[in-house]
Every structure is written in C-alpha cells, then in structure tokens.
Amino acid sequence: MTATLEAAAPSPAGEIPSFTVTLRIRRFNPEVSEEATWEDFTVEAHGTDRILDALHKIKWDEDGSLTFRRSCAHGVCGSDAMRINGRNRLACKTLLKDVNPDKPITVEPIKGLPVVKDLVVDMEPFFASYREIMPFLITSGNEPSKERYQSPEDRAKFDDTTKCILCAACTSSCPVFWTDGQYFGPAAIVNAHRFIFDSRDEGGSQRLEILNDKEGVWRCRTTFNCTEACPRGIEVTKAIQEVKRAMITRAF
Amino acid sequence: MAHGTAAVAKVDSPRSPYVRRKTTRGNYELYSWVFMRASGVVLLVLIFGHLFVNLMVGDGVHAIDFGFVAGKWSNPMWQVWDLLMLWLAMIHGTNGVRTIINDYATRDLTRGILKGLLLLAFTVVVVLGTLVIFTFDPCPPDAPAELLASFCTA
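In the order they appear, the protein sequences are chains V and S. Residue numbering for the first sequence follows the numbering used here, beginning at 790 and increasing consecutively. Residue numbering for the second sequence follows the numbering used here, beginning at 3 and increasing consecutively.
Hint data in this document are derived by calculation from the structure and do not stem from the laboratory. A few of these clues could be false.
Below 25 angstroms or equal to it, Euclidean Cα-Cα: the simulated DMTMM-like pairs (lysine to aspartate or glutamate) are [as the list claims (entries may be wrong)]:
hint, chain 1, residue 1, chain 2, residue 2
1, V, K1003, S, D110
2, S, K24, V, E998
3, V, K1003, V, E921
4, V, K1003, S, D105
5, V, K900, V, E1024
6, V, K900, V, E828
7, V, K900, S, D110
8, V, K935, V, D990
9, V, K846, V, D829
10, V, K848, V, E823
11, V, K900, V, E998
12, V, K1027, S, D105
13, V, K1003, V, E991
14, V, K846, V, D887
15, V, K900, S, D105
16, S, K24, V, E921
17, S, K24, V, E913
18, V, K946, V, D990
19, S, K24, V, D911
20, S, K24, V, D969
21, S, K117, V, D969
Facing chain S, from chain V, some residues (calculated, C-beta under 10 angstroms) [stated by the list, open to error]:
hint, residue
22, L955
23, G1005
24, W1007
25, R1008
26, R1010
If you want the ones that stay clear, here's a sample from chain V, every Cβ over 12 angstroms from chain S, calculated [stated by the list, open to error]:
hint, residue
27, N889
28, I927
29, E1031
Using N, Cα and C, we set each Cβ at its ideal position, and we do this for glycine too.
Turn these sequences into a full structure, and let the hints steer you where they fit.
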C-alpha cells in the first residue's frame, strides 16, 4: 500500500450544507428608547445550526449589544425560552431548518413578563408564583433513619411533572396570564402537582388550598397553549386538570 | 454577513412590572366551576324538552299563540320548568360572561364597569321573568274569546 493519504483532497461528501438566514429580532433598550423595534440580521448558517447558534453569530460577529439569556445551551437549564415565529420555544433546541429559514424568522422575548432588554425578561413574577406553591418536600414527625420508600406506581403518578426546567415557556404562552399576570400560571401548577401527588409529601392540602385561589387553577381555560409550548413535552394541561380534580374530590 | 438595521415595524411598548396583588383563596371559583358543568347538563334536558313540547308535539310550531302559553303556565309543572330554565340559564350565562370579562379586561376600571352592566342586565331579566311566570293572568278580561285558552270560557 502506497502512502497517498497526503494527496487526497478533503472530500465534500461529509460537508454540511450552509445557507443564509434572516433573523427578525425584537430589540428593546430602555436607555435608548421606550419603543421596541424590529431589527433584521442576516447570517450564514449550517443545516445543523440552532436559533441559538445564529444569535451567537450575531452577538459575536455583528452586534455585540444584542442581549439574550443562555446558560447550558443544551435544553436543560431553561434560560433561553423565547418566542420564535410566534411560538414559545427554547432557542437551543430549535433547529433553523425546522422553522422555515426561507423567510425571516421572528425572535421575540416571551410574552406577559416585563422586558428588561432585547430578549431578556424579568422572571421575578414567574418565580414569585413558583415560590408561593412551596416547591419543597413537606413532612411531619421525626427525621427518618432510612430512605423514604416509594413504589414505582406512586412515583409514576407525578413522573411527568418532575421534568420541568422552569423556562417559563408555558406560563408566557398562556392567554390568561397575558391579561394581567395575576394568574399563577401553568409552571407553578405543574410544580405544585409534582409535590401534591408525591406519596412522601404531606403538604398536599396546603398546596391545594393555595391554588384554590381566584387566580389559581380555576382560571385555566384548557387552551392547551402550555402543553404545546413545553420544550420538555410535559402534558401541562393534563396536570392542571388533575389538580382541579383533586380539589373537587377534596371538596365533595 | 449583511447587516440590516431597518426597523420593520413599531411594536407596543413592553409591560411594566407587576406582582400578584393579594391572595384570594376560597371555594367560590371551585363551586362556580362545578355549577357551570352541572347546570349545563340540566339545561340540556330543560331546553330540549322545552323545544320538543313547543315545536314538535301536536300541531308543533303552529299551535303557539297566547292561549298555548297561557295553558302551559296554568300548570304548576311548566311554571317550575320555565322558572328553573330561566334561573339556570341566566346564572350559567352570566357566570360565563363574568369569566370572559375576567380574561379579557386588563384594567380594573373596565372590569368593574363591565361586571356592573352584566349584573344589572342579569337582575332585570331574572326579576322580570320571574314576575311574569308567577303573576301571569291566563284569562284577561275583555279579550276576544278565540285568542284565549279553552278553560277560560268554561
């Protein structure tokens, strides 16, 4: 065998096709203007690139003032929920080729929460609702000397709602939340569900009491926006209905 | 790597910060939610029963005149039926519009005014309707006999 490896030119076979894509980003900078405006950026992207990669290209190469949140960049931390082509998604889990790159792709901050700058919103009202439902294990009596056992069947009851990453995609997709932001929102209810249906937890009735509020589960109109928006595939509306049912069986 | 700075369109200004104003716990919304389901089922029976008796039985729609209505309301069963239909439909509908106002009105003042109008409309219709059902005179004096129910002349 003769050594001809050096001579072989890099094959284009494995190359990923690249294309140009336009991102129409809603910019807002309160130090410059009280008005938010749309701004177009055109970047070169690969077929494997996500919205987040395009945003990085803009921020690193074109306009360093573009502001957005991201942390792990792999769909786990829940930092980069944004409204992409009118739907709430994680920028790090949405491939450009899946949102029709032939037309400008609109990128907006998630709705219903106060915008701080560009794509960054103030998450505080969202986390305030989350804290209200007491998202921690509540027990009574002495500290056990061994683990708190749970059967696989009991675990399965709330398995779906343990997946939440608190990205606010569901809450900020809810039309009831958009009205005045007083509604607890799907995310808070999902995280209450995670403890209400946990056999080891003893704070269930307290949590039901908290969500039996005028702004609690009864404001849900089952529009399923939250279920569609959830990047983790949690059946959010179903979880809310299960909490409603628990309240009704408790009351009657 | 072209860079377009053209502002495409103006968008509404971002929201001002807010917090949940107060806790409003209680079973009110729970009972209202259950009532909507229960009254809905009962109304299905009442309304389709009403439509069947008025439009399908006997001569059907051609039988409806003053005498027909007078005949029905001289029967306590139909008085209760119509009263129940009036009250359930009005409470069910009013409660439904109330939730719509809650969902769509963004300002407290708008919400208050709309709910006030709703309550006024509710009160007028329910009071008037109830009054008619109970004070209805099936045989008014000096009315032409052919318009009245058969039991008036007897």
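Hint by hint, here is what the structure shows:
For a cut-off of 25 angstroms, the pair hint linking K1003 of chain V to D110 of chain S stands: about 15 angstroms separates their Cα positions. Restraint check: the Cα-Cα separation between K24 of chain S and E998 of chain V comes to about 15 angstroms, which is no more than 25 angstroms; the hinted pair holds. Taking the CA atoms of K1003 of chain V and E921 of chain V, the gap is about 14 angstroms. The hint holds against a cut of 25 angstroms. Straight-line distance between C-alpha atoms of K1003 of chain V and D105 of chain S comes to about 12 angstroms, which keeps the hinted pair within the 25 angstroms bound.
At roughly 21 angstroms between alpha-carbon atoms, K900 of chain V and E1024 of chain V fall within 25 angstroms of each other, so this suggested pair holds. With a C-alpha separation of about 18 angstroms, the suggested pair K900 of chain V and E828 of chain V falls inside the 25 angstroms cut-off, and the hint holds. Using a Cα cut-off of 25 angstroms, the hinted pair K900 of chain V and D110 of chain S holds, with the two alpha carbons roughly 21 angstroms apart. Restraint check: the Cα-Cα separation between K935 of chain V and D990 of chain V comes to about 16 angstroms, which is no more than 25 angstroms; the hinted pair holds.
For the suggested pair K846 of chain V and D829 of chain V, the alpha carbons sit about 13 angstroms apart, so the restraint of at most 25 angstroms is met. Of the supplied pair hints, the one linking K848 of chain V and E823 of chain V holds, its CA atoms being roughly 22 angstroms apart against a limit of 25 angstroms. Our distance criterion of 25 angstroms between C-alpha atoms is broken by K900 of chain V and E998 of chain V, whose separation comes to about 28 angstroms. Proximity of K1027 of chain V to D105 of chain S is assessed by CA-CA distance (about 21 angstroms); at most 25 angstroms being required, the pair is judged to hold.
At most 25 angstroms may separate the alpha-carbon atoms for a hinted pair to count; K1003 of chain V and E991 of chain V meet this at roughly 24 angstroms. Our distance criterion of 25 angstroms between C-alpha atoms is met by K846 of chain V and D887 of chain V, whose separation comes to about 19 angstroms. Taking the CA atoms of K900 of chain V and D105 of chain S, the gap is about 16 angstroms. The hint holds against a cut of 25 angstroms. This hinted pair checks out: K24 of chain S and E921 of chain V have alpha carbons roughly 12 angstroms apart, not beyond 25 angstroms.
At most 25 angstroms may separate the alpha-carbon atoms for a hinted pair to count; K24 of chain S and E913 of chain V meet this at roughly 16 angstroms. Under the criterion of a C-alpha separation no larger than 25 angstroms, the hint pairing K946 of chain V with D990 of chain V is consistent with the structure, at around 13 angstroms. Taken as a hint, the K24 of chain S and D911 of chain V pair is honoured in the structure, with Cα atoms around 20 angstroms apart against an allowance of 25 angstroms. For the given pair, K24 of chain S sits about 13 angstroms from D969 of chain V by alpha-carbon distance, which is consistent with the 25 angstroms threshold.
Distance restraint check for K117 of chain S and D969 of chain V: the Cα-Cα separation of roughly 17 angstroms lies within the 25 angstroms cut-off, and the hinted pair is therefore satisfied. The beta carbon of L955 of chain V comes no nearer than 17 angstroms to any beta carbon in chain S, farther than 10 angstroms, and the hint placing it at the interface is violated. The restraint placing G1005 of chain V at the interface with chain S holds, with a minimum CB-CB distance near 7 angstroms, inside the 10 angstroms limit. Evaluation of the W1007 of chain V hint against chain S yields a held restraint, the C-beta minimum of about 4 angstroms falling below 10 angstroms.
With its C-beta approaching chain S no nearer than about 8 angstroms, R1008 of chain V sits inside the 10 angstroms limit, and its interface hint holds. With a least beta-carbon distance of about 7 angstroms to chain S, the hint placing R1010 of chain V at the interface is held under the 10 angstroms criterion. Distance check for N889 of chain V against chain S: the nearest CB is about 18 angstroms away, which clears 12 angstroms, and the non-interface claim stands. Even its closest Cβ contact with chain S, about 18 angstroms, leaves I927 of chain V beyond 12 angstroms, as expected for a residue assigned away from the interface.
E1031 of chain V, annotated as away from the interface, keeps every beta carbon of chain S farther than 12 angstroms; the closest lies near 15 angstroms.
The earlier numbered hints that this structure contradicts are 11, 22.
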